[in-house]
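Once you've looked at the hints, dock chain B against the given chain A.
Residue numbers (full-length UniProt numbering), protein chains in the order written: chain A, 1 to 295; chain B, 1 to 295.
Honestly, I wouldn't trust all of these hints.
If several chains are the same, the list does not tell them apart, and a pair holds so long as it fits within one copy or across any two.
Derived lysine-lysine pairs resembling BS3-like cross-links, with alpha carbons at most 25 Å apart [what the hints assert, rightly or not]:
1) Lys65 / Lys199
2) Lys56 / Lys199
3) Lys11 / Lys199
4) Lys273 / Lys11
5) Lys41 / Lys11
6) Lys65 / Lys11
Please keep in mind that the hints were generated in silico from the structure rather than gathered at the bench.
Number of protein chains: 2
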Amino acid sequence: MMSDLPLDQVKTLLAVVDEQSFDAAAAVLHVTPSAVSQRVKALEQRTGRVLLLRTKPVSLTESGKVVARFARSLAQLEQDALTELGLGSSATRTVSIAVNADSLATWFLPALARLPQSHGVCFDLQREDQDHTAALLREGLVMAAVTAAPHPVQGCTSHRLGRMRYRAMASPAFVDRWLSSGPLPHQLPAAPVIVFDRKDDLQDRFLRGLTRRRTFTMVRHHIPASESFVDAVAAGLGWGMVPELQAAPRGDALVDLAPDRPLDVPLHWQQWKLDSPALAAVAEAVAEGAKESLR
Amino acid sequence: MMSDLPLDQVKTLLAVVDEQSFDAAAAVLHVTPSAVSQRVKALEQRTGRVLLLRTKPVSLTESGKVVARFARSLAQLEQDALTELGLGSSATRTVSIAVNADSLATWFLPALARLPQSHGVCFDLQREDQDHTAALLREGLVMAAVTAAPHPVQGCTSHRLGRMRYRAMASPAFVDRWLSSGPLPHQLPAAPVIVFDRKDDLQDRFLRGLTRRRTFTMVRHHIPASESFVDAVAAGLGWGMVPELQAAPRGDALVDLAPDRPLDVPLHWQQWKLDSPALAAVAEAVAEGAKESLR
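Next comes chain A alone, as it looks inside the complex (with noise of 0.2 Å):
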């Protein structure tokens, strides 16, 4: 059946699921919004399904998903084809990954910028949680993702990359007015914490681990940057799960407040099945950063 599909078409929606709108795909493909609306009508009517929601911004489908994730692999493979015919010395090959914000704040930069420049690629990356960037990479939306998951999503290989160490820390301030009076598992509930966004289990983890009370009455701030959340640990506002790799150059103005708990994330790195010289290139960079970095 996907053979059957018209390339046009098929990178047509490509190109409304990576731009947002119709409008902003029609300025990309240089044609315009009601040429880019026809040719997804006429690939919905050619695959009897529907394809896209136009909600704000579009959506895709499940059948949608399945065409999308056809359409990146196509692009990839033609890029690189162009490549290795010498055809592309202008054309850029893009890799999409789906990274979790703490890897994005610490490891992974200095592991892609192994890359040599003359490679051409352009990261095209995505901060996800690391639970959730499996799903990313299941939609098509992205190549190759850093995530918890270890089973390989369908039509992807799951390779180890190490774990990464996060530990309860607090201000010494905020240690002293909201910690000082009591054991851990009695003053911890109380207190306020930090949670990067709503699907950061990471402190609620520590809790279950530290203590048997199943409900916790507390302030809970939602700071959805990891530098920013790092600072609003220091700042005093809050406890919460902080990398090692970013307390580290924090010094004294963090303190671990439980040395033997610390927990452990273990990163895998999925990527397509996928014959992209590209994307290979990348995989091998982002795995001897992870080893330097991770444990």
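What follows is chain B alone, placed relative to chain A:
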């Protein structure tokens, strides 16, 4: 019409939007997912409108946005009333704010830290592009926003915070390799560039001001985290528009490509017209912090 809406149903809708799924909302409300589903359905029957698209994550329809916004105002007023009645000792007041990534990475968090901890305010921050934070306000997903949009969203007040100054920057090695053999307007369009995400048009705006060329063929990296963005510029992956506030601590690692061409982004504080002491205290702290850090 609004006053006829059952409060438990309205609050349930809000929980589904905030927690992004029926299951997560059920866990927060301590009811079954089926009860959540029934309440939302009942609310839809009562209003005669579809309020929620059952996508992953769920998304609000236009009618749903109106109801969600009503619900959030209501929750805030209720929290404030409980606090005034002295019933709010364990009740905390959540202030949801949309803020652009560069503000979050620089002046915004120190501004929030000015608030006395005794306020018991929970910050629920959402990170968005400064050109898109106003949309979150309009959709009722947040009650205040740091935004580039000066004109108040309906039902909101708008207050000027100051200008955030950006400069086109690159690493010294990058300048040697890509920009040393001719004038900037000729060379920069062909050099690799780093952009934050697909909503970030600062780099394109700078280029449009610098050169008359319409199309640019170039390597574009997407690095969607403020500190990592500056790290990537310092590592030589590309040039990019860096906030002065973030460039200063990097010293010689960054070169200003066009000292006579800064790009200023005016920022505004917009918030709902709500007689809420918690929101007023936050607004005051933000205004003071902006006054010190912005132009």
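Going down the list of hints, with the structure as the test:
1. Lys65 / Lys199: both (22 Å within a copy, 22 Å between copies)
2. Lys56 / Lys199: both (22 Å within a copy, 13 Å between copies)
3. Lys11 / Lys199: For Lys11 and Lys199, the Cα distance is within 25 Å only across copies (21 Å; inside one copy 32 Å).
4. Lys273 / Lys11: within (20 Å within a copy, 45 Å between copies)
5. Lys41 / Lys11: This pair counts as within: shortest intra-copy Cα distance 13 Å, inter-copy 38 Å.
6. Lys65 / Lys11: Close inside one copy (13 Å), not across copies (32 Å); limit 25 Å.
The earlier numbered hints are all upheld by this structure, with none contradicted.
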